[in-house]
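Asker: Same order as they appear, the protein sequences are chains A and B. The first sequence: position 20 = 37 (this note's numbering), numbered continuously. The second sequence: position 142 = 166 (this note's numbering), numbered continuously.
These aren't lab readings, by the way, just hints derived from the structure by calculation.
Stretch-level coverage of chain A by chain B, calculated; a stretch enters the list once three of its residues show a Cβ under 8 Å from a Cβ in chain B:
1) 48-60
2) 186-192
Across the chosen pairs, the derived CB separations fall in these ranges:
3) P167/A - H85/B: 29 to 39 Å
4) G46/A - D187/B: 49 to 59 Å
5) D75/A - D68/B: 31 to 41 Å
Residues from chain B that keep clear of chain A, each with C-beta distances beyond 12 Å, as calculated:
6) A77
7) G134
8) P138
9) L142
10) A146
11) R161
12) A169
13) L188
14) M190
15) V193
16) L195
Ideal Cβ positions, reconstructed from N, Cα and C, are used throughout, including at glycine.
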Amino acid sequence: MEQDGALRTLAPQPAPVAATEDLARTARGGDRDAFEALVRRYQRRVFGLAYQYLRDPDEAQDLAQEVFVRLYRNLGQYDPVRPFEPWFWRLAGNVAANYCRRRRAPSLELKEDAASRDPGSDEVPLELAVASLDESLRLPLLLHYHADLPLDEVAASLGLSVSAVKSRLHRARAILRRLLAAEEPCP
Amino acid sequence: MPVGARRASPSSNPSPLAGEGRERGEDPTLECREVRPRLELLVDNELDAATAAALRAHIAHCGSCRSLHGEAASVPARLHALRSPAPPASLIGEVMRRVAPRSRAVEVWGLLVPEVLLVLVAAWYTSGIGGLVEVARRTVSDVAAFVDWGAGRGSLPAPVPGDLFMLLVTLLLAVLTLWHLSLLSRPLARHVAL
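Given the sequences, and given the hints that come with them, work out the whole structure.
Answerer: What follows is the structure in structure tokens.
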């Protein structure tokens, strides 16, 4: 038994994963390695969110970069005693919303494309249907279902109540359902 | 109670359209148009038990609502399964390049270049101390003339264009120097972090 215990002690232990808040606190103090670790940790979700938001890989990369640069510049405003994720996603949501306002909105084409399809004809791809949603519905939807944020964190990120977030998610999903399925009129 | 649940309850709010728009052979208490807006609430279990049971009874008998309910139930899973391409390998490098701190020495002492240039221009214009005294004397004279004009004792003086140029150079030099001093007084750690 003791030998087993000794062997377990000698066996290589996986490197402990630093808590996000610890990384953010360290990065806030000027540690570039900690900041890079934060970027590495969030790049997939941020890029994925940006891609679903913009439907263009190049623009998604621009937006993801913008999010991380803004994170770096605003780390001084992060309160290390509070959870990092809601603060971060609120910042990311603001950057995404500003980015969309600045660019010429291709989502209009998507909206027209999705809207002009005959409900009885081919199905509208889900990505296209999501892109056609109004911004106020699209962002909470992507934060919850794509970035996997729980409802309370989506609410904190967007400065909304949980019930308001739920309401927006229901509305968004109802619109998606109507776009995705050929809804027969009530008899 | 979720919003809308009361309206869905046939006992609390019988539809004024009862008897209209109802499929034959369905649950008689609800209409499709009452069921469909609540499908997402039903999927998320956000309705009270009685309303949910009424909706389920309707769905069990109504083919089109059943199909829409299936669609509504599938949307969250399909959203979770949305695939995005992997982030480009260059993303982290680009971000780190954009946030790389500029050399503090270059940032702080680089300002000396425009400052020295401005001093040289001023020195050239004033031709040494004598010229500087002359500019000061003219400035005092201009100010006195402005005061007289303000008091109604004289006409508006026409400033010498060269003096305006010197004024501009001096103001620019003052602003640059103040900015430079603020940079020099900033602590190193804060400079790097932000």
